[in-house]
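Asker: With the hints as extra help, turn the sequences into a complete structure.
Going down the list, the sequences are from chains F and B. Counting in the working numbering, the first sequence runs from 14 upward without gaps. Counting in the working numbering, the second sequence runs from 5 upward without gaps.
Hints are all accurate, no fakes.
Only pairs whose alpha carbons sit at most 27 Å apart, straight line, appear in this in silico BS3-like list of lysine-lysine: (1) F/K109 to B/K74; (2) F/K70 to B/K74; (3) F/K109 to B/K61.
In short, the hints are calculated from the structure, not lab data.
Single-letter residue listing:
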Amino acid sequence: DAGITQSPRHKVTETGTPVTLRCHQTENHRYMYWYRQDPGHGLRLIHYSYGVKDTDKGEVSDGYSVSRSKTEDFLLTLESATSSQTSVYFCAIRSKGTAGNTIYFGEGSWLTVV
Amino acid sequence: TQLLEQSPQFLSIQEGENLTVYCNSSSVFSSLQWYRQEPGEGPVLLVTVVTGGEVKKLKRLTFQFGDARKDSSLHITAAQPGDTGLYLCAGGLLNWGTSYGKLTFGQGTILTVHP
Numbered sequence: 014d015a016g017i018t019q020s021p022r023h024k025v026t027e028t029g030t031p032v033t034l035r036c037h038q039t040e041n042h043r044y045m046y047w048y049r050q051d052p053g054h055g056l057r058l059i060h061y062s063y064g065v066k067d068t069d070k071g072e073v074s075d076g077y078s079v080s081r082s083k084t085e086d087f088l089l090t091l092e093s094a095t096s097s098q099t100s101v102y103f104c105a106i107r108s109k110g111t112a113g114n115t116i117y118f119g120e121g122s123w124l125t126v127v
Numbered sequence: 005t006q007l008l009e010q011s012p013q014f015l016s017i018q019e020g021e022n023l024t025v026y027c028n029s030s031s032v033f034s035s036l037q038w039y040r041q042e043p044g045e046g047p048v049l050l051v052t053v054v055t056g057g058e059v060k061k062l063k064r065l066t067f068q069f070g071d072a073r074k075d076s077s078l079h080i081t082a083a084q085p086g087d088t089g090l091y092l093c094a095g096g097l098l099n100w101g102t103s104y105g106k107l108t109f110g111q112g113t114i115l116t117v118h119p
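Answerer: Structure below.
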């Protein structure tokens, strides 16, 4: 447990509506990530952050935006949700420990777009 | 784009059998991580291998990183029903600093161990 909390854990929304997923961490980690997980694709990186107000795109960033106004919160926004964005979304942090850099994941947010 | 090909995608075996999961790429990775994920939860790190040829053991699980750091394998001896889950490999790029810790994941292997 790396002190990661995702909210909401489950959400059903209609096509075209905006959705924001929140990732909250309590251990002051600099690096944070948003991944999505779909059958047959493993996890794919959407966006990541390397500090407050410092973010960049991952491999599947189209249709998503992020914001990080403070260290502990990394928000993922779907401006206008589509059915293809139905997925499980995982937030992750990078922790630098004695074993080197390790990525820890939150418990996931299940999003269904109908 | 760096890709990791994981095989097999599905594995259904009886308790007590051995199994191996493979993770292959044409790209070189600085590290290779293996995760296990249970339904409704996030992936949990099992091991990280960083040196070409490295072998790590975690009880009945043996992890190996290829000499060229392009492939890895996970071997489970005498599988148990508690080993059931999704196993994911993930490669880290050569320089953590410039790569920002981004990982490339394989597609995953769904393992079912029957009693």
